[in-house]
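Trainee: The primary structure of each chain is shown beneath.
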Amino acid sequence: MRRWTGWLFGVLTLFFAIWGITQYMAKQNLAIRLENSYQRAFYELTYNIDSIETLLTQSMASNSRERQMKFFSDTWRQASAAQSNLGQLPFSKMPMARTEKFISQVEALCFNLFRKVGGGGDVSGGNLDSLKGYAQQAKHIKESLSKMQPLFENNPSWEGIEKATMAQIVAPGKGGTAPGKAGKRPSEAGSLENNPVVKSFMMMEDGLKRYPDPDFEGNMLNFRERPRGFTGSQITRNRAIAIARKFVAPGKQNELARVVATEKGDVPAFHVEVIPRKQEQRRGKNSWRTLMSISQKGGHLIWMITERNVGKQKLTASEARVRGQNYLKSLGYEGMESLAAEQFDGVVNVSYVRKIGDVWIYPEEIKLQIAHDNGEILAFEAMSYLTFKGAVRAPAYPLTRAQAQGRLQKRLKVERVRKAVIVNDRFKQVATYEFKTALGKERFLIYINAVTGDEEKVIREIPGQTEII
Amino acid sequence: MHKKVGLFIIFLLLVLGAWLALRPQEPTEAQRRTSYSYTLLARLINGEARGEPYVGQVAVGAVILNRAQHPRFPNTVAGVVYQPGAFESVSRGQIWTPVKSSSYRAAQAALSGWDPSGGAIYFWNPYKPVSRWIWSRRIISRIGKHVFAR
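The listed protein sequences correspond, in order, to chains S and Y.
All residue numbers for the first sequence refer to our numbering, where the first residue is 1 and numbers rise by one.
All residue numbers for the second sequence refer to our numbering, where the first residue is 1001 and numbers rise by one.
Pulled out of the complex, with its shape left as it was, chain S reads as follows:
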């Protein structure tokens, strides 16, 4: 009997020992693979920064247009890779803003210069100053990164950062931390801040702050169009509620409406919620709820989103479109015409664009989401409309349609022409001719500037995705 239990004990011990060792090895294996992927991202980042520094310096010495274009496009490519590699390191909980800013600015500057030189322009004195400034910053990053290399020689280093970062985000909260006090948990926060690799990166970041911020002409990175449609005076909460009632379906205008929050972004706004008076309509299958954002200045509706189940389709797409059009008209949005529609489960999203004469003003766009069951307007989006409202009055068309068409590639077959004001990739509003063209089975929308004749945009139409009306 005793011998029998002895054997059993021995077998069990052996079994668990083998199981444990296998588990440990599997864990080690995964840890090494993770470490390797971080190492790869780090070394690639080092390579990208080295290349950026060299290329920026070389580009300043070159006087050949062709060489310069190669330097700028290579730098642009390396900067894009650097951003991708930096994004793969476990730094999401640390402020690496300065390094990220450097990378994105180099990318944008070199792209601009590539276009400038390619378009026949010359690298100006100001451009050279910017290049020089960024080359200095690149040198600083390069040297900081190379100083970090010994940190990686002995032990796996990224694992520690990874663990500390995860501890910060996935630590189970002890009954919830009050706002403003969160994160002050010395053991976990400390281990991240005391990590030698993190320390080195923070030192690099601090060092970078000592360099002047060179900036460059044509920097559009932080460009945001100044919204011009928010005209009028400040409104009260009660006024916001009254405005909100106008936008919901007629049957819902006497339901409960209240301001639930204020928005403090670029455009301060009230969030107004409309919910059913009847308790039983607040939960379950027939429940609904609408939230709207109404600007504090002027009381303009920015967006509206309604949450409800949509029943069987009773409306055709074109009926829904007309409903939307009438809805906008009844609320005082004049001259809006439907431009495109996208169908989803139970709803259709239609975009309406302002038309002045025969010119479509694309930036002044309002999107509506219309329910297929009863034509209720479920959602509304007017940020673009309110940003660009009234910026264009009577766009000039010096080039004739035939002249503009002459700028198209000869192989394209023109199927339709429209006049349209668009925002180009320099964030300017330009009057264009929109040519709907065909090349074999492919369809393209091509925009030719009505003043300069430049090709401003080429859009490929993907069949079945958006129906252009």
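Think of the hints as simulated: they come from the structure by calculation, not from any bench.
Take the hints with a grain of salt, since some may be wrong.
Pair by pair, the computed Cβ-Cβ distance ranges are [claimed, not checked]:
{"#": "1", "chain 1": "S", "residue 1": "Glu319", "chain 2": "Y", "residue 2": "Arg1138", "range": "41 to 47 Å"}
{"#": "2", "chain 1": "S", "residue 1": "Ala340", "chain 2": "Y", "residue 2": "Pro1098", "range": "45 to 51 Å"}
{"#": "3", "chain 1": "S", "residue 1": "Gly119", "chain 2": "Y", "residue 2": "Arg1138", "range": "37 to 43 Å"}
{"#": "4", "chain 1": "Y", "residue 1": "Lys1128", "chain 2": "S", "residue 2": "Asp50", "range": "37 to 43 Å"}
{"#": "5", "chain 1": "Y", "residue 1": "Lys1128", "chain 2": "S", "residue 2": "Leu14", "range": "41 to 47 Å"}
{"#": "6", "chain 1": "S", "residue 1": "Thr400", "chain 2": "Y", "residue 2": "Pro1098", "range": "55 to 61 Å"}
{"#": "7", "chain 1": "S", "residue 1": "Arg416", "chain 2": "Y", "residue 2": "Leu1013", "range": "34 to 40 Å"}
{"#": "8", "chain 1": "Y", "residue 1": "Leu1013", "chain 2": "S", "residue 2": "Arg277", "range": "41 to 47 Å"}
{"#": "9", "chain 1": "S", "residue 1": "Gln409", "chain 2": "Y", "residue 2": "Lys1128", "range": "51 to 57 Å"}
25 Å max Cα-Cα, derived SDA-like pairs, lysine to any residue [to be verified]:
{"#": "10", "chain 1": "S", "residue 1": "Lys264", "chain 2": "Y", "residue 2": "Ala1068"}
{"#": "11", "chain 1": "S", "residue 1": "Lys209", "chain 2": "Y", "residue 2": "Arg1138"}
{"#": "12", "chain 1": "S", "residue 1": "Lys142", "chain 2": "Y", "residue 2": "Gln1083"}
{"#": "13", "chain 1": "Y", "residue 1": "Lys1100", "chain 2": "S", "residue 2": "Lys246"}
{"#": "14", "chain 1": "S", "residue 1": "Lys389", "chain 2": "Y", "residue 2": "Leu1111"}
{"#": "15", "chain 1": "S", "residue 1": "Lys101", "chain 2": "Y", "residue 2": "Arg1150"}
Bear in mind the structure is a predicted one, so any value in this text is a computation, not a measurement.
Virtual Cβ for every residue (Gly too), placed ideally from N, Cα, C.
Since the structure of chain S is provided, determine the placement of chain Y on it from the hints.
Mentor: For chain Y alone, coordinates are given in the frame of chain S:
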């Protein structure tokens, strides 16, 4: 005997019917076509904001898209979603839970241009521990349990 077999088959059919009715909804073909980022965006919304009001889900989707446009973040939805440690649900694997149909609808709305976050690039739950520096961001609004910041 035959009666028993018949009842058993009816029971099986009922189970099958219940399963068909209750299983997580697949996106329709029209939704799937729309964008490569669509499914991933829906997964992230599902992982991060399942219990939130629909508007809050759209706002989370909009934050991801705002990040992909922002110069200081990776340029793609996948790059933003999988940035190491950026989202708790990705780190913990919750984005692989079955996706609810409302998450798909929210992803669709965000991709169609709705941004209830007011242009935010951060969001967090103030009642959970978060890293200290995130509180230095400018808070724009609050929807459901999340605050949205730039």
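Trainee: Falls inside 41 to 47 Å, the C-beta gap from Glu319/S to Arg1138/Y?
Mentor: holds, 44 Å
Trainee: Taking only the CA atoms, is the gap from Lys209/S to Arg1138/Y under or equal to 25 Å?
Mentor: Holds - the C-alpha atoms of Arg1138/Y and Lys209/S are around 21 Å apart, at most 25 Å.
Trainee: Please test the hint of 41 to 47 Å on the beta carbon pair from Lys1128/Y and Leu14/S.
Mentor: holds, 44 Å
Trainee: Lys264/S and Ala1068/Y were given as a pair; does the straight-line alpha-carbon distance stay at or below 25 Å?
Mentor: Measuring from Cα to Cα gives roughly 22 Å; hence the hint holds.
Trainee: Kindly confirm whether 45 to 51 Å is satisfied by the beta carbon distance between Ala340/S and Pro1098/Y.
Mentor: Cβ of Ala340/S to Cβ of Pro1098/Y: about 32 Å, so the range 45 to 51 Å is violated.
Trainee: Going straight from one Cα to the other, do Lys142/S and Gln1083/Y come out at no more than 25 Å?
Mentor: Satisfied, since the Cα-Cα distance of roughly 23 Å is no more than 25 Å.
Trainee: Just to be sure I understand the hint, the distance between the Cβ atoms of Arg416/S and Leu1013/Y should be within 34 to 40 Å; is that true here?
Mentor: About 53 Å separates the Cβ atoms of Arg416/S and Leu1013/Y, which means 34 to 40 Å is violated.
Trainee: Starting from Lys389/S, check that the Cα of Leu1111/Y is at most 25 Å away, please.
Mentor: Since the Cα atoms of Lys389/S and Leu1111/Y sit roughly 23 Å apart, the hinted pair holds (cutoff 25 Å).
Trainee: Look at the Cβ atoms of Lys1128/Y and Asp50/S and judge whether their distance stays inside 37 to 43 Å.
Mentor: The hinted range 37 to 43 Å holds for Lys1128/Y and Asp50/S, with Cβ atoms some 40 Å apart.
Trainee: Does the alpha-carbon distance linking Lys101/S and Arg1150/Y stay inside the 25 Å limit?
Mentor: holds, 15 Å
Trainee: Should the hint that Leu1013/Y and Arg277/S are 41 to 47 Å apart at their CB atoms be regarded as holding?
Mentor: holds, 42 Å
Trainee: Take the C-beta atom of Gly119/S and the C-beta atom of Arg1138/Y, compute their distance, and say whether it sits inside 37 to 43 Å.
Mentor: The hint (37 to 43 Å, Cβ to Cβ) holds, given that Gly119/S and Arg1138/Y are roughly 38 Å apart.
When each numbered hint is compared with the structure, violations occur for hints 2, 7, 13.
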